[in-house]
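Could you use the hints to bring the two separately framed chains together as a complex?
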Amino acid sequence: MEANHVRNIMNPDIVSGSEIILRCLLLEGVECVFGYPGGAVLYIYDAMVDHPEFQHLLTRHEQGAIHAADGYARASGKTGVCMATSGPGATNLITGIATAYADSVPLVIFTGNVSTDMIGTDAFQEADIVGMTMPVVKNSYFVDNIDDLAPTIREAFHLAGTGRKGPVLIDIPKDILAAKTKFLHPETVNVEGYVPYPEVNLAQVNKLYQAIIKSKCPVIIAGGGVVSSDAHGALLHFIEQLNIPVTTTLMGLGCVPDNHPLFLGMPGMHGTVAANRAIHEADLLIAIGARFDDRVTLNIKKFAPNAEIAHIDIDAAEIGKNIHTHYPIRGDVSDVLNVFNNHVGDESTPNRKPIKTWHQYLDSLKEMYPLKYRQNGHDLKPQYVMELIRDTTDENTIVTTDVGQHQMWAAQFGPFKKNRSFITSGGLGTMGFGLPSALGAQIACPEKMVVSINGDGGIQMCAQELAVCAIHNLPVKIVVINNQVLGMIYQWQNLLYKERYSSIDLQGKPDFVKLAEAHGVKGLRAKTKEEADTCWREALKTDRPVLIEFVVPKEELVYPMIPQGQSVKEVMLGGDSCEK
Amino acid sequence: MKNKSLFSVLVQDHPRVMERITALFGRRGYNIHSITVGSCEIPGKSRMTIVTELENQKVRQIEMQLNKMVDVLNVEEISSQPYTIQELAFVKVAKTVSANSNQSFPSSDHVSVIASDQQHVLYRIIDTPENINLRIQQMDPQQILRVIRTGAVATS
Ligand SMILES: Cc1ncc(C[n+]2csc(CCOP(=O)(O)OP(=O)(O)O)c2C)c(N)n1
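Protein chains in written order, with the numbering used here: chain Y, 1 to 580; chain D, 1001 to 1156.
What the hints contain is simulated information worked out from the structure, not anything from laboratory work. Predicted model only: the values in this text are computed from it and were never measured. Check before you lean on any hint, since a few could be wrong.
[Stated by the list, open to error] In silico SDA-like cross-links for lysine to any residue, where the CA-CA straight-line distance does not exceed 20 Å:
#: 1; chain 1: Y; residue 1: K554; chain 2: Y; residue 2: Y501
#: 2; chain 1: D; residue 1: K1002; chain 2: Y; residue 2: H324
#: 3; chain 1: D; residue 1: K1092; chain 2: D; residue 2: I1032
#: 4; chain 1: Y; residue 1: K522; chain 2: Y; residue 2: L540
#: 5; chain 1: Y; residue 1: K321; chain 2: D; residue 2: R1028
#: 6; chain 1: Y; residue 1: K321; chain 2: D; residue 2: E1077
#: 7; chain 1: D; residue 1: K1068; chain 2: Y; residue 2: D315
#: 8; chain 1: Y; residue 1: K381; chain 2: Y; residue 2: L524
#: 9; chain 1: D; residue 1: K1068; chain 2: Y; residue 2: Y501
#: 10; chain 1: D; residue 1: K1068; chain 2: Y; residue 2: K522
#: 11; chain 1: D; residue 1: K1058; chain 2: D; residue 2: M1069
#: 12; chain 1: Y; residue 1: K321; chain 2: D; residue 2: K1095
#: 13; chain 1: D; residue 1: K1068; chain 2: Y; residue 2: P196
#: 14; chain 1: D; residue 1: K1045; chain 2: D; residue 2: E1063
#: 15; chain 1: D; residue 1: K1045; chain 2: Y; residue 2: A211
#: 16; chain 1: D; residue 1: K1095; chain 2: D; residue 2: M1069
#: 17; chain 1: D; residue 1: K1095; chain 2: D; residue 2: P1141
#: 18; chain 1: D; residue 1: K1045; chain 2: Y; residue 2: Y194
#: 19; chain 1: Y; residue 1: K554; chain 2: Y; residue 2: H324
#: 20; chain 1: D; residue 1: K1058; chain 2: Y; residue 2: G320
#: 21; chain 1: D; residue 1: K1002; chain 2: Y; residue 2: N322
#: 22; chain 1: D; residue 1: K1068; chain 2: Y; residue 2: K381
#: 23; chain 1: D; residue 1: K1068; chain 2: Y; residue 2: V200
#: 24; chain 1: Y; residue 1: K301; chain 2: D; residue 2: N1056
[To be verified] Footprint (simulated), chain D over chain Y, 3 or more residues, beta carbon under 8 Å:
#: 25; region: 184-193
#: 26; region: 371-383
[Stated by the list, open to error] Facing chain D, according to a computed beta carbon distance under 7 Å, are these residues of chain Y, among others:
#: 27; residue: A316
#: 28; residue: A317
#: 29; residue: K321
Every residue gets a Cβ at the ideal spot worked out from N, C-alpha and C, and that includes glycine.
Excised from the complex, chain D in its bound form (with noise of 0.2 Å):
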């Protein structure tokens, strides 16, 4: 059995860290969701969240096999516990000429408009990664140009 599993981990800002990080997860043949990675309290340090799909048995393995490497300072298995995730989208949302086909995102805290011409109009959505993706799907496809999202920031 699969399931969605969140690890944020405390690294070194050296550099290749990231590339150490997502290797250590490709060739075990383990995809990777999202990754997100900025500086933290700590100078010097990163944080960062990885969004993965893992069989129960493997959680530990991986963590473990993060937790080995030098440049890992803390790695925490958060999907297991309560937990909150957010990522930030933007969605480029063309204006048709049809009135009655115009669509745009239901209002709610987490949509807004930050930019719009006579063409377009962009939004930032700020909400889980799943309800980005159903905001998404409830749009006629025709309409979205554009879609960039950050992967998600989770915190236990």
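In isolation and in its complexed conformation, chain Y is listed as follows (with noise of 0.2 Å):
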């Protein structure tokens, strides 16, 4: 490059408020960014042309750069970002946000507007996104002026990225981004009253670790919480110093290697018999970055009845939320583990002894009741398909998921050895999420495998994606489980719903080997199990995009499974059709 190219970025030159935009990326470290253009960000657009070290990727739906951005944030654990249009371009966004919000996915997203002068006069792509957005953002911000520009950016990334994280959006009109001022770009950031990192209370850490000295049936519930704060090896030390086995949600999937004697597997709605059990029954339960959501207590009344309740929480508003807590602890999930660890080492604190009647009988529930499925002849199962993706494939793998049965059987058979390993919507269940954060966290991460498992129903809800995945040869594995319905909803209406039918017909169309090969990517069909292993060993080898159809049964149900509201005790096994 010139030396007159090379500008120096923190200059401050007298630029316009896309440059603002651009440099304050840059400094904020940002690698890429996920967007769609359209009139009200063209000059943002412009400016990107005198930056090429800046990424930005052209999804083909704002949706698929939203989810991408997020796919990329999971990955990382890094701050996504999403930049669209007024607009129409904004409120595609929508479902993106509330897909980040509930899972406390750090985002910053870039918005257009209509010029200042023109807001508020229903002028062509106007629309309110911060009034639209308000329940599902940590906080947004609409830029009116010039100068705040580079502070309010600064701020947004401070916010979405610590704390409690999240998505924050920054909407800015037309003339704002055309406007131009001295780049000042804030030193420090402080946003008051905000504390991000409470100090731990060392007197409620000392009360839980007594309670945890005197209980006999202790279980701790990990959820995206120690995912998101990266409290997986301290955990690991927590669990394994005091012997208490735990259960991590679809949230904390990955944050204890599934292989652990102490992992129980997943808790809820879908979990492990032990799992449940375990909650049912224990004196004393441990919530880690968790929040009591229903699809894991179903009926929160008989949820642990015996149990006291600990809670350790970054959000002092979970605390008490959803259920009583008599072990109240306010902190980031590795600060608090950090000062549980070094308190633990500590000679004079004793050493709580494994319980041994406690985890003989969890142990034996978990030899009973092991997550089974019946194999019938060369009859491809989806089972099957998750056992097959398991066994070939190393730590060094990132599944991600949409939503239905393929997402139960994902977490249930999945391979899980690490944190952030598993992506899935898991708050909001936002069917069209799988492959578009899959492709955001093939660009996260292009050393490892990132396998994208999807039903044939939500597939389709962003499908227009593959294109990008080809354009930029992401080799990401896109695994389709064909089961010619939405399987989810025959599932509920098979079980629920007396088998009245209704609205789930998926059959025949699209051709998916077909959908897959018009937008360059290499694709593959498999309907028995000697053809699933040939297929998926053939998608192993190709370094580039590849979509490899599983085409299974539709009647297979997920097992065990408890409806709503009601607890451990009505569980259904799934009868034979549950037995290997």
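Okay, structure coming up:
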């Protein structure tokens, strides 16, 4: 690059709002922005021409862009960035913003808006995106003064990526993007009254520690907070020191290696018998970065009936929200566990002896009720595909999923050995998330293998992003579990609506192999176990994006299942369909 | 059991703060009886008084949710401690032709006449919200033309 092209982006030059945005993003260390242009943001896209070092990934739909930014953030732990134009561009982001908010994913979202003199006139492509997204953002800004722009961006990154993380939206009118001012990058950021990482209260830690020592049947529920705080190492130390069995929620999967002897599997609606029984019979339940979601508690009145509840969470508003808490500890999960771990290592504190009978009991449950399914002949079962993926991938694999039965099978049978190895829309349950989040994860982690597991319904909600995988040669392994129905809806109509099937049929169309090929993605199809083995082996050898359609019977249901509002006593094990 | 709850909330004087706060109540299905806001002793900040009715176990949850908002600097739940509360009301009352049915507010420190003409009297009442209700209820409803209230301000 010629010398005069190497600008120092810190220089206090007079620059446009658009240039300020790009400089701020570069200074925040942003590697890639996922977005889609339009009239209101064209100044930003114009400014990108002068910044070849700036990576922008053009998706095929704004929903794809925001899910990709989300997948990027979940895989890397960094803040994802997304950009869209005013009006329809902005409103297309809303599902993705809500998805990120529900799972506390750090995102900074830029939307353009009409010029300040047109705001409030119902101008062409005007939308009140700040108003529309208010309930699903950590914070949002409408920047109508160019001198506020750089400080606002700084603050937005600070808020998105600290404390309980979440999406932050910045809406900027077009004239502000063109206006000029001196570039001053704020060195520090201070948001009055915002305390992202409160001091851990030692007295409370001590109280809980005493309770743990006394407890005969303790169990831990580890959630997305452990993943998000990268507290997996501290958690492992904690459970091993204190010998406490652990179950991880859907959002927590991966934070404890799934082959760990203390690991009980996932709790809740499709959780293991061991996990749900452990919670039901525990005398002390320690929730760590988990929020007692109803898919876990099912019936909060019957949940953990014998247990005292301890709750470690960064968000004070989560503690006591859904369940009465005896031992509240507010703080970043890593901070709290580190305090515990130092404490436990201390000679003056008694070490907790493993409670033999409790562990033996849980081990016997694990043995008696493993996750299983019925294999008949050459029929290809979805669970078999999950096992195939698990058995042929190593710990440098990231799995993303869409929403439905395949998501639950992936969670049950999946290969989760590492933090941030499982990416799924847990809180909002957003169909369409599986594919775009995978391409974001692949951009975040080019050295890892990314497997995206989808249903034949959900893949069609963002299938347009196949083109992006092909064009950028993102070698994602795109799995489509084709059961010819909206499987999870089929399951509910089968079990809970007296087999009155309604609007679930997806039979016959599209041809997924052709769909893949039309987008420049390699397409493979497997209908038997043998074909599945061959196709998957071929997919693993393919160093460009590949879609593998696994055709499976629609009758397969996810078990175990505890219907909403019931407790572990009412667990459905699926009769003989559950025997391997 | 639902009880009257009062929150005194110190907020940044930012655009749409009011909207963020009312939406926080609205999306949880809680009614706000009254909400007042105005500048306070700190430049650039405002203080709100929110009067609502909540089940006991929800009070702390709302307090926490309010506290979590970036634009909220401090939340005080003041109904669980001794507090002072006042509201201002304008009541426009019609003078009727028949002199014996003519009513006016019993004289009190809380009530004053601030305007009157041939047909109407405009009263100003400053009192607790409950007392304002009582005072208005004691009047002949036919005579009351208009009631305008500010919502309560309160402090511990
Ligand atoms: C955007 C969106 N719309 C609707 C739903 C409701 N829903 C949950 S699972 C499901 C069926 C998914 O079917 P498919 O993608 O084929 O996956 P499968 O359950 O068969 O594995 C539906 C419609 C949802 N979660 N998200």
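Okay, the hints, checked on the actual structure:
no. : hint                : verdict
1   : Y:K554 <-> Y:Y501   : 12 Å, holds
2   : D:K1002 <-> Y:H324  : 19 Å, holds
3   : D:K1092 <-> D:I1032 : 25 Å, violated
4   : Y:K522 <-> Y:L540   : 12 Å, holds
5   : Y:K321 <-> D:R1028  : 13 Å, holds
6   : Y:K321 <-> D:E1077  : 17 Å, holds
7   : D:K1068 <-> Y:D315  : 8 Å, holds
8   : Y:K381 <-> Y:L524   : 17 Å, holds
9   : D:K1068 <-> Y:Y501  : 44 Å, violated
10  : D:K1068 <-> Y:K522  : 47 Å, violated
11  : D:K1058 <-> D:M1069 : 17 Å, holds
12  : Y:K321 <-> D:K1095  : 54 Å, violated
13  : D:K1068 <-> Y:P196  : 10 Å, holds
14  : D:K1045 <-> D:E1063 : 19 Å, holds
15  : D:K1045 <-> Y:A211  : 44 Å, violated
16  : D:K1095 <-> D:M1069 : 49 Å, violated
17  : D:K1095 <-> D:P1141 : 12 Å, holds
18  : D:K1045 <-> Y:Y194  : 15 Å, holds
19  : Y:K554 <-> Y:H324   : 41 Å, violated
20  : D:K1058 <-> Y:G320  : 10 Å, holds
21  : D:K1002 <-> Y:N322  : 18 Å, holds
22  : D:K1068 <-> Y:K381  : 46 Å, violated
23  : D:K1068 <-> Y:V200  : 18 Å, holds
24  : Y:K301 <-> D:N1056  : 18 Å, holds
25  : 184-193             : holds (count 3)
26  : 371-383             : violated (count 0)
27  : A316                : 5 Å, holds
28  : A317                : 4 Å, holds
29  : K321                : 6 Å, holds
Figure legend: structure checked against the earlier numbered hints; hints not met, in rising order: 3, 9, 10, 12, 15, 16, 19, 22, 26.
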